[in-house]
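Q: Below, each chain spelled out in residue letters.
2 protein chains.
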Amino acid sequence: MIYTSESIQKAINSLSSLPTIGKKTAQRLVFFLLKQDKEYVSNFANSLVELKDKVNFCSKCFNFTEVDPCPICTSTKRDLSIICVVEEPNDVFAIEKTGDYRGLYHVLHGSINPLDGISAKDIKITELISRLTNIQEVILALNPSVEGEVTTQYLAKIIKPLSIKVTRIARGLPIGSNLEYVDEATISRAIDGRIEIL
Amino acid sequence: MIYTSESIQKAINSLSSLPTIGKKTAQRLVFFLLKQDKEYVSNFANSLVELKDKVNFCSKCFNFTEVDPCPICTSTKRDLSIICVVEEPNDVFAIEKTGDYRGLYHVLHGSINPLDGISAKDIKITELISRLTNIQEVILALNPSVEGEVTTQYLAKIIKPLSIKVTRIARGLPIGSNLEYVDEATISRAIDGRIEIL
Numbered sequence: 428m429i430y431t432s433e434s435i436q437k438a439i440n441s442l443s444s445l446p447t448i449g450k451k452t453a454q455r456l457v458f459f460l461l462k463q464d465k466e467y468v469s470n471f472a473n474s475l476v477e478l479k480d481k482v483n484f485c486s487k488c489f490n491f492t493e494v495d496p497c498p499i500c501t502s503t504k505r506d507l508s509i510i511c512v513v514e515e516p517n518d519v520f521a522i523e524k525t526g527d528y529r530g531l532y533h534v535l536h537g538s539i540n541p542l543d544g545i546s547a548k549d550i551k552i553t554e555l556i557s558r559l560t561n562i563q564e565v566i567l568a569l570n571p572s573v574e575g576e577v578t579t580q581y582l583a584k585i586i587k588p589l590s591i592k593v594t595r596i597a598r599g600l601p602i603g604s605n606l607e608y609v610d611e612a613t614i615s616r617a618i619d620g621r622i623e624i625l
Numbered sequence: 428m429i430y431t432s433e434s435i436q437k438a439i440n441s442l443s444s445l446p447t448i449g450k451k452t453a454q455r456l457v458f459f460l461l462k463q464d465k466e467y468v469s470n471f472a473n474s475l476v477e478l479k480d481k482v483n484f485c486s487k488c489f490n491f492t493e494v495d496p497c498p499i500c501t502s503t504k505r506d507l508s509i510i511c512v513v514e515e516p517n518d519v520f521a522i523e524k525t526g527d528y529r530g531l532y533h534v535l536h537g538s539i540n541p542l543d544g545i546s547a548k549d550i551k552i553t554e555l556i557s558r559l560t561n562i563q564e565v566i567l568a569l570n571p572s573v574e575g576e577v578t579t580q581y582l583a584k585i586i587k588p589l590s591i592k593v594t595r596i597a598r599g600l601p602i603g604s605n606l607e608y609v610d611e612a613t614i615s616r617a618i619d620g621r622i623e624i625l
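Sequence lines, in order, name chains A and B. In case it helps, this note's numbering puts the first sequence at residues 428 to 625. In case it helps, this note's numbering puts the second sequence at residues 428 to 625.
It is worth saying that the hints were derived from the structure and are not from the lab. A couple of the hints might just be wrong.
You can't tell identical chains apart in this list, so a pair holds if it fits in one copy or across any two.
[Claimed, not checked] In silico DSS-like cross-links for lysine-lysine, where the CA-CA straight-line distance does not exceed 25 Å: (1) K548 - K462; (2) K450 - K524; (3) K462 - K524; (4) K587 - K487; (5) K437 - K465; (6) K481 - K450; (7) K592 - K548; (8) K465 - K551.
Turn these sequences into a full structure, and let the hints steer you where they fit.
A: Below you can see the structure in the form of structure tokens.
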């Protein structure tokens with residue numbers, strides 16, 4: 428008998444089923460929770476149940492939202508003629524954090540990955556195409572991976588004929604990096620994507 | 428507006444209030460939870476509420492338990508004449524994992540720390556002393572810190588006069604370590620605690 432309580436074992440199993448949390452961290456978290464008052468733990472648990480209860484997908488951009496359509500899709504302060512296409516909802520948050528982009532989004536919920544049997548039909552591409560009326564530019568902001576690349580090429584091929592400007596976000600040296608330590612592929616892309624100094 | 432949902436923000440705040448979990452990990456966990464089905468999330472939340480509902484302190488050893496006294500205190504297979512004194516409930520689990528120790532435990536819930544204003548009265552020392560009838564040995568297994576040391580000395584001083592054998596767990600080189608890289612204090616202790624090879 429290692430644990431004197433089944434509830435402790437159960438809570439450790441729950442927490443260690445989360446990504447990035449191992450058995451040891453889960454144990455530490457359980458002991459932390461046991462030391463908090465009842466209200467803290469019930470508020471904690473409620474915030475997760477509420478999350479799942481209230482949050483759904485926006486029927487337009489497929490980002491997570493509590494109201495449908497989501498606040499970004501219905502905002503009057505955003506540029507309705509630009510759509511930025513991303514793979515996952517977290518990517519929207521990553522871009523929103525910069526505060527620089529003021530257009531709309533479209534979340535594909537994945538990328539084309541023939542090896543895993545994920546084709547264009549399995550991600551929200553049809554839904555993207557149906558949104559393209561009155562759109563002037565589609566920015567493809569997919570991950571710099573093979574799958575992201577394949578999806579970018581595929582989308583460019585079907586959107587360009589609709590006479591909409593299709594762009595992709597730049598690949599190059601990350602800010603704060605050092606030319607000496609950056610991998611060759613990134614340097615190649617940075618040279619390919621060079622911009623004239625005016 | 429960074430997050431399109433208050434519930435997401437709330438769940439991120441909840442998760443990042445846990446030790447070892449920062450904002451970024453919390454965000455990742457929230458997106459993971461949003462991708463799971465409702466049952467998974469409600470089971471997850473329930474396991475934490477249940478943890479807090481069911482688990483209390485054992486009135487004898489002050490370890491966490493669902494039944495009082497705890498299964499270790501009431502076990503018929505354990506040596507009732509030895510008590511191992513530890514600082515926190517996690518220490519009990521750490522020792523139980525070895526499977527080597529078959530005596531009882533006593534959890535102090537802290538150690539004497541004059542700088543933080545924690546004196547002998549603030550931890551479960553009176554409760555320990557009242558348990559010492561029919562006890563032959565008290566093993567002090569406190570942390571190798573200044574506070575653990577002070578508490579060990581304090582306990583030895585008050586328990587020895589009761590003609591009970593008082594021992595402390597050994598300090599020395601951890602298994603798998605390398606003499607070259609171990610700190611001086613540990614090596615000093617290892618030399619002090621040397622054992623004759625018979």
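Q: Could you run down the list of hints and mark each one as holding or not?
A: Status of each hint after checking the structure:
| no. | hint | result |
| --- | --- | --- |
| 1 | K548 - K462 | between (49 Å within a copy, 19 Å between copies) |
| 2 | K450 - K524 | between (32 Å within a copy, 13 Å between copies) |
| 3 | K462 - K524 | between (34 Å within a copy, 22 Å between copies) |
| 4 | K587 - K487 | within (21 Å within a copy, 75 Å between copies) |
| 5 | K437 - K465 | both (18 Å within a copy, 18 Å between copies) |
| 6 | K481 - K450 | between (30 Å within a copy, 21 Å between copies) |
| 7 | K592 - K548 | within (23 Å within a copy, 74 Å between copies) |
| 8 | K465 - K551 | between (42 Å within a copy, 22 Å between copies) |
Checked against the numbered hints given earlier, this structure breaks none of them.
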